[in-house]
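**Student:** Based on these hints, arrange chain B on the given structure of chain A.
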Amino acid sequence: MDPRRQSRTVIDPKVRQVGFFAPPDRSQSVPLPQSSTSPPLSDLSPSGNSLSPVMIPPPRTLPPPNRLSSPLNRFSGDSVNAVPVGSYNPSPSVGDFFEEKSVRSPDRRRSGGGGGSGKFASSLPAGGFEMPPEVKPKSLTTVSVVSKLQGNVTDVDEKVGEQSGESQDVNSKQPLKEKTSKAERRALQEAQRAAKAAAKAGGNAVANTKTGKANSVQKKDNASSIAPAEKRVVDHKDKDRKKDVPHPRMQFDDATRVEKAKKRAVVKQTEVRNRVELFRHLPQFEHKTKLPHLEINFFGLNSVHPAVYKVGLRYLAGDISGGNARCIAMLQAFQESIMDYSTPPERALNRDLTAKINSYVSFLIECRPLSISMGNAIKFVKSRIANLPLTLSESEVKATLLSEISTFINEKIILADKVIVRHAVMKVSDGDVLLTYGSSSAVEMILLHSHELGKRFRVVIVDSRPKLEGRLLLRRLVGKGISCTYVHINAISYIMHEVTRVFLGASSVLANGTVYSRVGTACVAMVANACGVPVIVCCEAYKFHERVQLDSICCNELGDPDAISKVHGREEVNYLKDIADNESLQLLNLTYDLTPSDYVSMIITDYGMIPPTSVPVIVREFRKEHIWSG
Amino acid sequence: MWWRSASFILDRNDNPPQPESRHLTPPSSHMADTNPNPNPNPNPINNISAYYQTRAAHHGVVTSDWLAQAQAAVGRDQPSDSDTSLKSSASEKPFSVIEEFNNWRKQPDLAEAVAAIRALASVIRSSEANTIAELQSELKSASDSLKSWDRTSISLTAGCDLFMRYITRTSAFEYEDFNSAKSRFLERAEKFGEISYKARKIIAMLGQDFIFNGCTILVHGFSRVVLEILKTAAESRKVFRVLCTEGRPDRTGLRFANELAKVDVPVKLLIDSAVAYSMDEVDMVFVGADGVVESGGIINMMGTYQIALVAKTMDKPVYVAAESYKFARLYPLDQKDMVPAARPIDFGVPIPSKVEVETSARDYTPPQYLTLLFTDLGVLTPSVVSDELIQLYL
Numbered sequence: 001m002d003p004r005r006q007s008r009t010v011i012d013p014k015v016r017q018v019g020f021f022a023p024p025d026r027s028q029s030v031p032l033p034q035s036s037t038s039p040p041l042s043d044l045s046p047s048g049n050s051l052s053p054v055m056i057p058p059p060r061t062l063p064p065p066n067r068l069s070s071p072l073n074r075f076s077g078d079s080v081n082a083v084p085v086g087s088y089n090p091s092p093s094v095g096d097f098f099e100e101k102s103v104r105s106p107d108r109r110r111s112g113g114g115g116g117s118g119k120f121a122s123s124l125p126a127g128g129f130e131m132p133p134e135v136k137p138k139s140l141t142t143v144s145v146v147s148k149l150q151g152n153v154t155d156v157d158e159k160v161g162e163q164s165g166e167s168q169d170v171n172s173k174q175p176l177k178e179k180t181s182k183a184e185r186r187a188l189q190e191a192q193r194a195a196k197a198a199a200k201a202g203g204n205a206v207a208n209t210k211t212g213k214a215n216s217v218q219k220k221d222n223a224s225s226i227a228p229a230e231k232r233v234v235d236h237k238d239k240d241r242k243k244d245v246p247h248p249r250m251q252f253d254d255a256t257r258v259e260k261a262k263k264r265a266v267v268k269q270t271e272v273r274n275r276v277e278l279f280r281h282l283p284q285f286e287h288k289t290k291l292p293h294l295e296i297n298f299f300g301l302n303s304v305h306p307a308v309y310k311v312g313l314r315y316l317a318g319d320i321s322g323g324n325a326r327c328i329a330m331l332q333a334f335q336e337s338i339m340d341y342s343t344p345p346e347r348a349l350n351r352d353l354t355a356k357i358n359s360y361v362s363f364l365i366e367c368r369p370l371s372i373s374m375g376n377a378i379k380f381v382k383s384r385i386a387n388l389p390l391t392l393s394e395s396e397v398k399a400t401l402l403s404e405i406s407t408f409i410n411e412k413i414i415l416a417d418k419v420i421v422r423h424a425v426m427k428v429s430d431g432d433v434l435l436t437y438g439s440s441s442a443v444e445m446i447l448l449h450s451h452e453l454g455k456r457f458r459v460v461i462v463d464s465r466p467k468l469e470g471r472l473l474l475r476r477l478v479g480k481g482i483s484c485t486y487v488h489i490n491a492i493s494y495i496m497h498e499v500t501r502v503f504l505g506a507s508s509v510l511a512n513g514t515v516y517s518r519v520g521t522a523c524v525a526m527v528a529n530a531c532g533v534p535v536i537v538c539c540e541a542y543k544f545h546e547r548v549q550l551d552s553i554c555c556n557e558l559g560d561p562d563a564i565s566k567v568h569g570r571e572e573v574n575y576l577k578d579i580a581d582n583e584s585l586q587l588l589n590l591t592y593d594l595t596p597s598d599y600v601s602m603i604i605t606d607y608g609m610i611p612p613t614s615v616p617v618i619v620r621e622f623r624k625e626h627i628w629s630g
Numbered sequence: 001m002w003w004r005s006a007s008f009i010l011d012r013n014d015n016p017p018q019p020e021s022r023h024l025t026p027p028s029s030h031m032a033d034t035n036p037n038p039n040p041n042p043n044p045i046n047n048i049s050a051y052y053q054t055r056a057a058h059h060g061v062v063t064s065d066w067l068a069q070a071q072a073a074v075g076r077d078q079p080s081d082s083d084t085s086l087k088s089s090a091s092e093k094p095f096s097v098i099e100e101f102n103n104w105r106k107q108p109d110l111a112e113a114v115a116a117i118r119a120l121a122s123v124i125r126s127s128e129a130n131t132i133a134e135l136q137s138e139l140k141s142a143s144d145s146l147k148s149w150d151r152t153s154i155s156l157t158a159g160c161d162l163f164m165r166y167i168t169r170t171s172a173f174e175y176e177d178f179n180s181a182k183s184r185f186l187e188r189a190e191k192f193g194e195i196s197y198k199a200r201k202i203i204a205m206l207g208q209d210f211i212f213n214g215c216t217i218l219v220h221g222f223s224r225v226v227l228e229i230l231k232t233a234a235e236s237r238k239v240f241r242v243l244c245t246e247g248r249p250d251r252t253g254l255r256f257a258n259e260l261a262k263v264d265v266p267v268k269l270l271i272d273s274a275v276a277y278s279m280d281e282v283d284m285v286f287v288g289a290d291g292v293v294e295s296g297g298i299i300n301m302m303g304t305y306q307i308a309l310v311a312k313t314m315d316k317p318v319y320v321a322a323e324s325y326k327f328a329r330l331y332p333l334d335q336k337d338m339v340p341a342a343r344p345i346d347f348g349v350p351i352p353s354k355v356e357v358e359t360s361a362r363d364y365t366p367p368q369y370l371t372l373l374f375t376d377l378g379v380l381t382p383s384v385v386s387d388e389l390i391q392l393y394l
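Chains A and B, in that order, give the protein sequences. Residue numbering for the first sequence follows my numbering, beginning at 1 and increasing consecutively. Residue numbering for the second sequence follows my numbering, beginning at 1 and increasing consecutively.
Misleading hints may appear alongside valid ones.
[Said to hold, decoys possible] Keeping only pairs whose Cα atoms sit at most 30 Å apart, straight-line, the calculated DSSO-like set for lysine-lysine is:
| hint | chain 1 | residue 1 | chain 2 | residue 2 |
| --- | --- | --- | --- | --- |
| 1 | A | Lys455 | B | Lys147 |
| 2 | B | Lys262 | B | Lys198 |
| 3 | A | Lys418 | B | Lys336 |
| 4 | A | Lys398 | A | Lys418 |
[Said to hold, decoys possible] Sample of chain A residues with no beta-carbon within 12 Å of chain B, all distances over it, derived:
| hint | residue |
| --- | --- |
| 5 | Pro345 |
| 6 | Ser429 |
| 7 | Leu448 |
| 8 | Met602 |
| 9 | Val617 |
[As the list claims (entries may be wrong)] Here are some, though not all, of the chain A residues that point toward chain B, as calculated from beta-carbon distances under 10 Å:
| hint | residue |
| --- | --- |
| 10 | Lys182 |
| 11 | Ala183 |
| 12 | Ile536 |
| 13 | Asp598 |
| 14 | Pro611 |
No lab work stands behind these hints, which were simulated from the structure alone. Ideal placement from N, C-alpha and C gives every residue a C-beta, glycine not left out.
Isolated chain A, as found in the complex (with noise of 0.2 Å):
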């Protein structure tokens, strides 16, 4: 116990930390007083990664004490936390910060790291947070909070997370099965790190997983950390330890973090050189490497579906992009593995599936950083993986997995857009010019409805470097013989005077009404607001979130920097070419940014038009409803 406890209470002073911190509430500890916390939070897998990589040493397993104290033992619901949304990676300090906290068991550690990561201000969507399945003890029956919650329980005191703590510690006393002594579980241990490294030797990165999320958590992680963290190891079969997942809120800053997530990552990734000093807490690769790297382990991953890894290879590619096509695709990915999916004797199906689909999100977020679309739907999914009644067959479960998916994927996504069309052609008179930034699935929706109902207008595209998705979207236009004009964004405030409507995509809508959406909408925004032009946001209200963000740092996606510098099909423009490596100069192409809820007039969405301040009206009816209870 004393090296956990010694581990426990160190902080790292240079991790920053984003976000308010609470005090861990990790309702973790189901039956317990602080289960009074728990029960507005849906339970959500009761997988054995309960151990979020927050914690220190590799938390993969619960500790064979916390076995015992299986209603007390609640492996975190930090599984669902591994999500980032965007590049939002947690600041690992966060577990250093519970480590403090949490005294003792690695329960504890856990239910800290859970907590941790509910404070962030919001709550994120349940990511591929990898935890490794613990053994479930057979007096488990905790259920972890949904990471969704995660965010949602940063009022859960550190009092829950102590009397876990505590009752963990009670529970350790008594003399269960899991009780081995350290010698047996170093023994354990040893033995199982040979079995890594054969498996390593077999090119099997995913086997680093687990300590490499366990240390990448832990930024003070030391050797004696390490150890009680690896007797924890005793009770978990090796591939669990690829389930880990960094932090969803992993800060990159740090380079030996960084290290360990890389060792523990299936892609291999290397870093830009010259990085923005205000970005680094975003993660940057290099994209060259990463597409032809993928690509040759495509038959080489057992760990991955094939359907996701396609997905990811995507993803990376570019090939996929815009909300919705990529949530759909992944759902779908999903879907086909869920078919493909068998429950390995001795396990429980949910939380053996929760575990695989965090895999497969941490897979995913390596590719390309979730949007908060797909961040809502990893949550869906696994709350509906949580709330199957157990008694279901394989098949039974698997079928309704299946069809829930579709439902979710037909009512919130696919009629979701039909009836934000019906609402929008409303909007749009004879006579109107209308203007669009980018390529937005809705908005095309609209303009193509409204052409077909015989209303007659023009549009105004405009587009920016270095994606230039307007092309698309005007490609797709012309060809319905609407009349567009295609401008590039320097020359919006000579074009708005034209406009009598501005029609905008979003990424999602935050619950303070600012609209987050591809770099440059804001701009557009900021001067049809100043010409006195209607700004109209068409979103789902699947991706509405409880987050609120103040500006375009914080949470972010960092993309190719290269593809700033160059022009693509003029090969002669490159006069970066020569001084790329110059320490000076650094690269920044940003992939999203924020628009105040003043410049947006009305967001139209499933639920009707409703103006930006009633977001958070609309999280709150009709989440609940949908996602969580289900």
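**Tutor:** Relative to chain A, chain B alone:
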């Protein structure tokens, strides 16, 4: 820039069917003017809003022959209702919801929406339906016919929608027996009518708290709710004075001043253009609302928007007094984004035929210019309106 908005095209091309008002000769009511309205305008907005004429009628400014014409027109137009189902249902039973509505509406003190609600309640009462579904469909058609009777009246539409929602929220499965369900519906309808009727009193109690001794209040338009607030404040012995805008063309200011003088509140009349001039000495602005829209803004008599703009610039609070049944699921993006409601304007002298006249009777005030809304649900900020609407309708 007027051409930027597509609505000018709408103005030209669009003649939404207004069953009753088209054939009415314009009310040469207020003054004995000889100006024949409709001028052969390029803007043939003949769809004179019955709503605004009703308001005028209520306050006795109309001449009796105009009233007779109005009644005749209303009676005449019933057969021209496009809603055949209504006709058939009207012929089936010797009861017409429109008639009932008009009866209620004639009472000057009754708000239109409340009249509609009472009319719908009487539909239930006199309904011969035997199943709940039939009753609900009858109600729906009655409500539709009421709404189509005057499309420009927002509170009417909103009131009908709200009533339908309020009634049908009682799920039909709760009551095995149709009669008990029907009586339950009736009870709720009456209750709703009661609440709406009492709404004014509640708002008056809330609103008069904001009036302090020695304050100067600017009022625009003739809102019975605002009048109620001011009367209540006067009765509680508060000392304040009121500035009324003239409110052309309806002369609402004159009527309002009349009413206030009856309760001994010092009143001063301004012409509409003198609002900015007098805004310095004003402490707060009170207006009513024809409808409260989803964004939290209000649709009210023409002139409200500019008063709100001036008040905002000079940091004076603008308070809106509106009953909750006026919350409508509309969301105008700009001034022209609403169903146009015209009111003939009489300038006192003949206007040459090629001169257009802007006859819109109302404008839209966006929520950022409003400070608070006094409703029977409480004192709300504009952003709460959408919250309430979502809870009500979704």
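**Student:** Work down the list of hints and note, for each, if the structure agrees.
**Tutor:** Against the structure, the hints:
no. : hint                   : verdict
1   : A:Lys455 with B:Lys147 : holds (26 Å)
2   : B:Lys262 with B:Lys198 : holds (23 Å)
3   : A:Lys418 with B:Lys336 : holds (26 Å)
4   : A:Lys398 with A:Lys418 : holds (29 Å)
5   : Pro345                 : holds (47 Å)
6   : Ser429                 : violated (4 Å)
7   : Leu448                 : holds (19 Å)
8   : Met602                 : violated (6 Å)
9   : Val617                 : violated (5 Å)
10  : Lys182                 : violated (58 Å)
11  : Ala183                 : violated (62 Å)
12  : Ile536                 : holds (8 Å)
13  : Asp598                 : holds (9 Å)
14  : Pro611                 : holds (5 Å)
Of the numbered hints listed earlier, those contradicted by the structure are 6, 8, 9, 10, 11.
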